[in-house]
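Participant: Spelled out from the first residue to the last, the chains are:
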Amino acid sequence: MQVSLSQRRFRWALLVGFLCLPALWSRLTPNQYRGGRSEAKEAQVTRNASAIGRMFGLFRTSMSDMILLKTESYLHGGVNYFAHTADSSLDSQGHNNQADTLIPSPEKDYRGWVGKVEREIKPWNIAGQHVTHTDGRQLLPWFRLATLSDPHHVHAYTSGGYWLSRHSDSEAIVYLEEGLHNNPEAFQLYLTLGQVRLKQLRKEMPNLFDPTEAERSQLLAVQETYLKAAELALDQRPQSDLTSHPTWGYYAETDAWTAIRMSVILEHTYGSPEKAYRLSGRFLNLAGDDLHLQETRNNLKLELGL
Amino acid sequence: MNRTRQNIDLISRGVWIELIRKKDLYVLAMLIGVFGIGTLTSHFVGIEEPATATFLFNMGLTLSHLFAHSLVALLIIRQVPNDLENRSIYPILARPIRRAHYLLGKWWAAGISGALTYGLFVTWICLTVPRMEEFSRALFLQNLLLQISSLFLFSAAGLLLSLVLPKAVGLLILVTALLIYQPIIGLIRSLSSGGAWTALVNWFILLWPDFTKLNLTTRFTDGLDALPLPVFAGLLLQAVFFCLLCLSRSQACFERRSL
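So the sequence lines, in the order shown, correspond to chains A and B. Using our numbering, the letters of the first sequence map in sequence onto residues -5 to 300. Using our numbering, the letters of the second sequence map in sequence onto residues 7 to 265.
FYI, nobody ran anything at the bench for these hints, they're computed from the structure. C-beta: ideal position from N, C-alpha, C; glycine also. Some hints here could point you the wrong way.
Heads up, incomplete: computed chain A residues facing chain B, CB under 7 Å, no partners named [as the list claims (entries may be wrong)]:
hint : residue
1    : Gln1
2    : Ala7
3    : Gly11
4    : Pro16
5    : Trp19
6    : Asn25
7    : Ser143
Sequences and hints are given; from them, build the entire structure.
Facilitator: This is how it looks when you write it as structure tokens:
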């Protein structure tokens, strides 16, 4: 077959374009943006609570949410809970003891013997009574898939990091750092990273209460991580209506306080008591009253002779 | 020129006759119809929250995108292999039809079928789903154009795959590229991150068309503004370039093939 000169030129041009144009393609990212309606927590809550949202079941969630639900099912020995649809905020579902099972209990089941048969042949448990957890090894690939399909799925990173740390702290740290790279504003990731790092240091250090200088600097680096989590949490925490705020659930509040308390305690133990005292005062002013933090502050006050 | 158009037209008609005779289009139309009727019913009962209406709108547009691409994939992947299998390619090529025109006819017909299906489904969704929030009309048009270019690119990619791979494998690759491209790319990136190969892997990934970039549905329903003109032009250029590349490779493969 004869190939004409113009055809040959055209093919060469395509080849050159094929090899060189990726430099242009890499700049085209139309779907990377912030502030879309679908990302707004309020809109998510409204959608999930609506009758249509419930009717569509899993279709309303993203692929990563579906995968995350799979991890919960694996964790609970195959029992599927209603947490994602019954409870609106992703932050507050975790181990919600009030969560209903997808297969309803005898009291709530209108189906009579059909429901009884379903409860006999499928994994089912009384709502609110979690079955014994597995060691979490089977969950790990699902968390990995969830974060691959949605790198902004913070819940999958924090839960995955926790379960991974039960098997390997260093792997969990890499996983959480990847999460932070993708979600630099997620305070829960800083908190989980701090917890895993501290756990790792506890294993490595023979005497945590009398560390060497090198160990002390490592512990202070962990304190920095907690501090970062606390600062971000306070930035994101709503000013009022904490108990019924749609985007700030029970877990977000407890996570925020954990980060605040740990940053002060670690600063007190391994850093400067004066700085810890100032930090506790600042946090109490910003976040409101807290018995544990107040107690730490009182101890610091006595220690410093103030 | 006239002769070329006639040849392409002739081949295209064959594809359209097959499209009408097969069940694919009707099944997809029924599915989108059921979705529309369900939405109309809920509209009648009352959709109170704008977020719920937008969710339905997004779902409808996404289904239109998926169904139109599925139709193109199912249509294009079996064209050349079936013609070879049934030996119907011989009477076609016995006419004064060049092999390149034969391929162009197949590609064009599948692309047009997908574009018309998409247009029809989107119209149905726009008619049945209430729009309770503000959306950018310019972005809607941009999305429409990019979707059409994506369907033609999908058709070209399917044509090339059907020439070099078995039908089932080609279809699997097309579906993978459409549905789980991002997770796969994410996996490759995370496996190579931090290593010496990172830059090379990133460059290698960009050598293949990314259909997710040509789908602006979620950006549209998220209430964002239209894309800047250079970005939009770049995306169109990307689709056209990969389309030309696939067609050129298809022609090269098919010309060399002994029938």
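Participant: Are the hints correct? Go through all of them and say.
Facilitator: Do the hints match the structure? See the list:
1. Gln1: 9 Å, violated
2. Ala7: 9 Å, violated
3. Gly11: 6 Å, holds
4. Pro16: 3 Å, holds
5. Trp19: 5 Å, holds
6. Asn25: 6 Å, holds
7. Ser143: 4 Å, holds
Of the numbered hints given earlier, the model fails hints 1 and 2; all others are met.
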